[in-house]
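Assemble chain B onto chain A, guided by the hints.
For reference, the chains in residue letters:
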Amino acid sequence: MDFTFTEEQTQIRDSLRRFLTETYTLDRHRAIARAGTGCDPEIWRQFAELGILGLGIPQSLGGIGGDAFDALVVMEELGRALVIEPYLSTALVGAGILVRAGSPAQQQLLAAVAAGKIRLAFAHGEPDSRWRLETLATRAAREGASWVLNGRKAMVPDGAGADYLVIPARTESGVSLFLVPGASERMTRTALTTHDGSSVAEITLDGLRVSADALIGVEGGGLPLAEAASDVAVAGLCSEAVGAMDALLALTLAYVKTRRQFGVPIGSFQALQHRMADMLLHAELARSMSYLASAKLAARDLVERRRAISAAKFLVGRSARLVGQEAVQMHGGMGVTEELATSHYFKRLTLINASFGDMDHHLEQFGAALTA
Amino acid sequence: MDLNFSPDEERLRGEVRAFVAAKLPAAIRDKVLGHKRLEREDFLTWVRILNSRGWVAPAWPKKFGGQEWDAARQLILEEECALAGAPPVLSFGPRMVAPVIMTFGNPAQQEYFLPRILTGEHWWCQGYSEPGAGSDLASLKTRAERRGDSYVVNGQKTWTTLAQYANWIFCLVRTSQEGRPQAGISFLLIDMKSPGITVRPIVMLDGEHEINEVWFDNVEVPVANRVGAENEGWTCAKFLLGHERVSNAALGASKRALRELKAIAAAAPTGGGRPLIEVPRFRDRIAEVEIDLMALEVMVLRVIAMDRERHTPGPEASLLKLHGSRIQQAISELAMEALGPYAPLHQPLALSADWAGSVSGPAPGLGITGRYFNYRKVSIYAGSNEIQRSIIARHMLGL
Chain A
4 MDFTFTEEQT QIRDSLRRFL TETYTLDRHR AIARAGTGCD PEIWRQFAEL GILGLGIPQS
64 LGGIGGDAFD ALVVMEELGR ALVIEPYLST ALVGAGILVR AGSPAQQQLL AAVAAGKIRL
124 AFAHGEPDSR WRLETLATRA AREGASWVLN GRKAMVPDGA GADYLVIPAR TESGVSLFLV
184 PGASERMTRT ALTTHDGSSV AEITLDGLRV SADALIGVEG GGLPLAEAAS DVAVAGLCSE
244 AVGAMDALLA LTLAYVKTRR QFGVPIGSFQ ALQHRMADML LHAELARSMS YLASAKLAAR
304 DLVERRRAIS AAKFLVGRSA RLVGQEAVQM HGGMGVTEEL ATSHYFKRLT LINASFGDMD
364 HHLEQFGAAL TA
Chain B
13 MDLNFSPDEE RLRGEVRAFV AAKLPAAIRD KVLGHKRLER EDFLTWVRIL NSRGWVAPAW
73 PKKFGGQEWD AARQLILEEE CALAGAPPVL SFGPRMVAPV IMTFGNPAQQ EYFLPRILTG
133 EHWWCQGYSE PGAGSDLASL KTRAERRGDS YVVNGQKTWT TLAQYANWIF CLVRTSQEGR
193 PQAGISFLLI DMKSPGITVR PIVMLDGEHE INEVWFDNVE VPVANRVGAE NEGWTCAKFL
253 LGHERVSNAA LGASKRALRE LKAIAAAAPT GGGRPLIEVP RFRDRIAEVE IDLMALEVMV
313 LRVIAMDRER HTPGPEASLL KLHGSRIQQA ISELAMEALG PYAPLHQPLA LSADWAGSVS
373 GPAPGLGITG RYFNYRKVSI YAGSNEIQRS IIARHMLGL
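Top to bottom, those sequences are chains A and B.
Under this note's numbering, the first residue of the first sequence is numbered 4, with each subsequent residue one higher.
Under this note's numbering, the first residue of the second sequence is numbered 13, with each subsequent residue one higher.
The shape of chain A in the complex, shown without the other chains (with noise of 0.2 Å):
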């Protein structure tokens, strides 16, 4: 048993959060998301040569090679900044599932990856699939040496801006994952904003034709990728949320102190304590749940994986809304304006629990192992 970082993880942290204090002001946010691209080239850069894209690619594959906790610091620290660039999205979902079964032509995209030149997008959301990644309407079928592929996809994060797409359709013997170029004749994409000014796309397509190498893996074995993708996102989104309530926690903590009513500092009246002991509570059940899901990414037994995933995604979920809400109650006026940091916290927080499945969406499949 050992809860501490190792030096390296301490060294990205310490780097990263320096930079990102510097860098990264909700003012830069705040002009980011009003961009509506959803990632700023210059900052992308700098990710780049601090070396972060390159966490979830092995060395042989042109990356630095990394293990769920490298992740997990890294997350953390761009939950913390407010972070909207879509670093979850490449270099851990989609990187992961090309370093896990890409073959070695679609490998070779990864050393670009490492270094800020491409970026990927998972497209695993349908409109009518909620969040079942079983549940797909998007159709491949083989045409002589190619593949073509009809179907929609929605709420894809980055999907616009991506270079590649990873694209789950359905295939004679199952669900298969395919890598297509961002630029493809016959796949249309529109971007959308969400409200922390991130950028989703909904994408189209209509007889988009690839030829066979770009299936990723065999066919029809495409579902345990997404699924292992979809964890590897929800431990990141996990560990996001907590440098988040870590910061909105701090946030708050001041407000409290500094703001007097009735002459005294509100943070002296006990209504107020006990709501923020309970915050604290459920910061750290969610800080306990991200390790416990980052640890679990590598167990061998996938029910073992998928319950400590599952159950994670629910609780951070859970500690989010009444930290993320708490907060803004607690900021009184000011909590619901756009000028604090307070709210764009509360935004973002509440976004996650709708991305890769949300609380019921968790606790339905956590339940169901109950039974199975």
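Worth flagging that the hints you see were computed from the coordinates, not collected in a lab.
Source: prediction; values computed, not measured.
Heads up, the beta-carbon is just placed ideally off N, CA and C, and yes, glycines get one too.
Be aware that one or more of the hints could be misleading.
[What the hints assert, rightly or not] Chain B stretches covered by chain A per the calculated footprint, using a threshold of three residues with CB under 8 Å from any CB of chain A:
#1 15-21
#2 295-303
#3 307-316
#4 395-403
[Unchecked claim] Facing chain A, according to a computed beta carbon distance under 8 Å, are these residues of chain B, among others:
#5 Glu290
#6 Leu331
#7 Leu334
#8 Leu409
#9 Leu411
Coordinates of chain B only, in the frame set by chain A:
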């Protein structure tokens, strides 16, 4: 970062499991798992069995008969014992009064009292709360007046758990009215057989006798039974509170209770052809409490690791107590609800081990509703959850 127990610790888990399986008398196990009333002798039998292996207080220093186990090993021991249906080793002796005697007591006190805790010869109870001193413990009024080599103690303690079984009580008493309330308190060890002590049962809402009032009417206590200096008992009291850390999370007990809840829900008919556990509305609630329990376990491990590094207990135990008590109550509530229309049954006679009559209602159902009522206590005792929140606000948030 590594959330796993070490191979050594896992080996210990195996040893404990095998030991408990071989040594825990079936009659006692059945009482515990069946929510039957435990007699004094049941607790003591188990203490003696554990003592044969040195496991009553393995965390103690070697010079006092312990093995200097760290909190991780204790957790494993407690959890395995709880899961197997062993009676709990009550904290009052080994984990409450003993550390005080070790730290503030003199060699004579250490030599006399500590071994008797391990053998079970002394059953300790706690004389802290009074009718007028609950959360505000320092306002206690039980007074001890010095007369030569003795104190004469007068007053009343209350909520004294299992005082009816105890032969010793550790008490906070007022020895001075000067200064702050905390300043005039002393820590006394009192023989329950002393003339002038009266124990009166308090019947709890489940109809059971678990707690008591203890009255002191001119009780003579040798000055030699004072631990630490006169008027410095508050130091002992605070020290003692810092020692009840991980066990308040009740991790092992809650794991057992969750296992039982699932069994009850899997057996509970719903009139619709499927058992209760398959009804999504109920299943979700079990799932949520199980997830809370998973988080509690990681929190416990984190606190253990933190203590290991800093060597002094911090205020995080309050987080464990808050969350652990919530889980205990949530599971007991769900288990009661799982009984459905049978939940209201009260069968106090059947709680005794020698009951030969019939028991009505679902098979694993006896005592479940009583426990729900009884467990309202867990957010009240050992520092109410409101006190825990105040501790967190003050010591962790600086409010």
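Evaluation of the provided hints:
1. Counting residues of the region 15-21 of chain B whose C-beta sits closer than 8 Å to any C-beta of chain A gives 5, which meets the bar of three, so the coverage hint holds.
2. Only residues whose beta carbon comes within less than 8 Å of a beta carbon in chain A count, and the region 295-303 of chain B has 7; three or more means the coverage holds.
3. Judged by the Cβ-Cβ criterion of 8 Å, the region 307-316 of chain B is covered by chain A as claimed, because 7 of its residues qualify and three suffice.
4. Counting residues of the region 395-403 of chain B whose CB falls under 8 Å from any CB of chain A gives 4; the rule of at least 3 is met.
5. A cut of 8 Å between beta carbons decides the hint on glutamate 290 (chain B): the least distance to chain A is about 5 Å, and the hint holds.
6. With a cut of 8 Å, the hint placing leucine 331 (chain B) at the interface with chain A holds, because the nearest CB-to-CB distance is about 5 Å.
7. Hint on leucine 334 (chain B) holds. Least Cβ distance to chain A is approximately 6 Å, under the 8 Å limit.
8. For the restraint placing leucine 409 (chain B) at the interface with chain A, the shortest Cβ-Cβ distance is roughly 6 Å, inside the 8 Å limit, so the hint holds.
9. The beta carbon of leucine 411 (chain B) is positioned within 8 Å of a beta carbon in chain A (closest approach about 5 Å), and the interface hint is therefore held.
Of the hints listed earlier, there is not a single one the structure fails to meet.
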